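Number of protein chains: 2
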Amino acid sequence: MKKPFKKPEPGDKVEITLENGKEIGVLLESHDRGVLLLKLGSGYNLGFKKEDVSEIVVLEKGGVVKVDEEFKISGKKPVIDFILTGGTISSKLDASTGGVKDLTDANELFKLYPEIFELCDVRIKTPFMKASENMDSKDWARIAKLVGKSLNDSSVKGVIVSHGTDFLHYTSSALSFMLGKLNKPVVLTYSQRSSDRGSSDSRLNLICSAHVALSDVAEVSLVGHASSDDDYCYVLRGTKVRKMHTSRRDTFRPVNCKPLAKVWGDGKMEVVSEYNKRGKGKIEVDSLFDDRVALMKFYPGQSPKILDYYRKNYRGIVVEMSGLGHVITEGKNNWLPKLKEVIGKGLFVYAVPQTLYGRLDPYVYSAGRKLQDVGVVFLNDILPETGLVKLGWVLGHKMWRGSVATKRKMLENVSGEFNDRLGFEDWVC
Amino acid sequence: MKKPFKKPEPGDKVEITLENGKEIGVLLESHDRGVLLLKLGSGYNLGFKKEDVSEIVVLEKGGVVKVDEEFKISGKKPVIDFILTGGTISSKLDASTGGVKDLTDANELFKLYPEIFELCDVRIKTPFMKASENMDSKDWARIAKLVGKSLNDSSVKGVIVSHGTDFLHYTSSALSFMLGKLNKPVVLTYSQRSSDRGSSDSRLNLICSAHVALSDVAEVSLVGHASSDDDYCYVLRGTKVRKMHTSRRDTFRPVNCKPLAKVWGDGKMEVVSEYNKRGKGKIEVDSLFDDRVALMKFYPGQSPKILDYYRKNYRGIVVEMSGLGHVITEGKNNWLPKLKEVIGKGLFVYAVPQTLYGRLDPYVYSAGRKLQDVGVVFLNDILPETGLVKLGWVLGHKMWRGSVATKRKMLENVSGEFNDRLGFEDWVC
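Residue numbers (this note's numbering), protein chains in the order written: chain A, 1 to 429; chain B, 1001 to 1429.
Keep in mind that the hints were calculated from the coordinates and are not lab data.
Note that the structure is a prediction, hence the values are computed from the model and not measured.
Be a bit skeptical, because a hint or two may be false.
From the structure, some residues in chain B lie toward chain A, with a derived Cβ separation under 7 Å [what the hints assert, rightly or not]:
1) Asp-1166
2) Tyr-1170
3) His-1245
4) Thr-1246
5) Thr-1406
Keeping only pairs whose Cα atoms sit at most 20 Å apart, straight-line, the calculated PhoX-like set for lysine-lysine is [what the hints assert, rightly or not]:
6) A:Lys-370 to B:Lys-1130
7) B:Lys-1312 to A:Lys-312
8) A:Lys-138 to B:Lys-1332
Where is the CB? At the ideal position from N, CA and C, for every residue including glycine.
All chains, please: the whole structure from these sequences, using the hints.
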């Protein structure tokens, strides 16, 4: 190193010298001791290994990004209520394990990505900080109530919920059913890389979420990378989206439908599908839920005895059947007699597609027709995850608990969970 | 209709007059009374509604396609053993239900698609006719033994297995493990539309399968439509393929890898990935299998009590975990104590990705590290279905039944079930 550092501090505008040239940016707090984290003029955060930096010169002291200032309501910009619930977007590198750990407070996130404050005043709410695999229906209901409060607050323009990715699509489904027809946008977002990493997808996802929260798309939507490039985000329907890759930034894919829209970091939006527009009314949160529902996946050779376990412990199950909706219908593991028995004893059994993509059709093969005869109900092109959440929500309501009422409600298109116009061309996986 | 039909019969070359022009082709047996089925000069079978046909003229009596002749071995062409096991490719429309039913004998299929005989002599074997959801490990073993016999017959160039689509990927996995390193190609194929329909995908899938069976790709592969167009087929690795759509013809997709090759109807092949080449040795079929294995999918809020059911009834389970490999690790439904208990009592628990695409990584989040601590083994980028089949096959062998030996074998890349070089760019879903 040619010169000693002039004690550069987070917030300083600096110029660093690397082997191949120089970079200018604002120094951010880095949680990795070996890495300098810089916010470039483009808004991107980039990490540099300290050993690769031969010089660092402070061009301007602090103030460029006011990292130490509290985020205050300007009173001049539209208000977004921002609900942090945990997940990778609220996490940072943990040098001791090489893994990640939670940010200690919400401001840490916004210090790394202050761009959102140029668009809106942000009111931060943190009901809890959880990995999404640790959430359950009580957490979904809690988020729904909090979102409902914001939606019915006339000073709020829209709501963003940041969330872990693993089961974000369960929460987006739950909010879709619990919030009903919306008056304002409710946007769920995430990141696949912790927010303090230079390669994090937080920046684009956050800014695009803000644009959607301020738009007229009054739907429960999931906003995140459309591709592995940092170019634009998809706006995806809450009931027809699924995490399809363990680690890619564009992990959330629309299933059996097209995206609602595409949105760019500069606010440009391209509408792809019809959506519910912003309105003036108030909404009513309906977060009743019956936890006695289960999801299971059928596989060849599986013994139907497992249905006894479900009959004893649950009110209803969602079964991922094969193809157009099949299970074993002959031989020693024939499911038909056991299905007839457990359904007769009161268990609701709903069929969903194990392929994820496409629509069930019980009329093509005799297996499907026989399953209908014993009382299995086919849920068309619904996602298995959405089917489970819907069944829990429906059974949470006394008025829909009879077998006829349950079936009718389960087959009603409550929140876009069925795509009645699904065509072959909708396969954009 | 201008003239009465001159009694056209299947096999006759005919010219039909439609509102917009004429078509010439060979009349095929049609199982739908209202439809005339014609094989055009291009090889495509097309169905015409009888009410749209104003005239039909017999140009040449029979003989063009010898539909009534037995398919005989010419002795001059390479021999392919063709094993029919059932499924849509062996089915026809059933006018009484509007669904489909099995062809009554194998020749019905080849009468509709005789093109394969131009390439090879076909020896047909029909061990059973089953929908794939009704198959179990005994059927997989039976097919494996039959295929093994053919592979060790020096007069045979390659083997084709036609099969139902629903669980074709289970059978392709099972054959991959049971047959080991191959000396000749073993091709599994299918159709999504019954073979007597004009829009059937049987024609291209059959002819491409024959080209692959005669090629040097000595792998268990699945050959079928690469897109919804009738242009070319994918050759897909048996352990890394999954049915991803209920009804599209290109339903089988490579997961976490690229296709082995592309193949066109005229025999052109484009190699995409490395593969095992045709060799001279004999193979040994290893079809041992332990049925006491199960596949389950984890969902948020799920009670870990279900693990007791599996512990009582199974030797090992494959759990579709969320994200990089997570289940509930806190609160009243914490899975960690129960996992520790059932693993301590001898149940093997293997983690696979619920996202299907991507690779598990237990080191990023504390949930993954804790699961490893209680004895859960992470199966990288394996497909859940392949994981189940592999576990049953491994536990079928006395020498791999101890917990250390099982784990070692489960983590060994036996038949391309892991892609060690998996990159982000391999997402061709």
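Using the nearest Cβ pair, does Thr-1406 (chain B) come within less than 7 Å of chain A? 20 Å, violated
Supplied contact hint for His-1245 (chain B), tested at 7 Å Cβ to chain A: Holds, because the Cβ-Cβ distance from His-1245 (chain B) to chain A comes to roughly 4 Å (cut-off 7 Å).
Can you verify the interface hint for Tyr-1170 (chain B): is its Cβ closer than 7 Å to any Cβ in chain A? With a minimum Cβ separation of about 5 Å from chain A (threshold 7 Å), the hint on Tyr-1170 (chain B) holds.
Hinted pair Lys-1312 (chain B) and Lys-312 (chain A), Cα distance within 20 Å: Given that 20 Å is the threshold and the Cα spacing comes to 16 Å, the pair holds.
Keeping to a limit of 20 Å between CA atoms, is the pair of Lys-138 (chain A) and Lys-1332 (chain B) held or broken? Satisfied, since the Cα-Cα distance of roughly 12 Å is no more than 20 Å.
Lys-370 (chain A) paired with Lys-1130 (chain B) [C-alpha distance capped at 20 Å]: 16 Å, holds
At a threshold of 7 Å, is the proposed contact between Asp-1166 (chain B) and chain A supported by beta-carbon distances? Cβ of Asp-1166 (chain B) sits 4 Å from chain A, so the hint holds.
Going by Cβ atoms only, is Thr-1246 (chain B) closer than 7 Å to chain A? Cβ of Thr-1246 (chain B) sits 3 Å from chain A, so the hint holds.
The structure fails hint 5 only (numbered hints given earlier).
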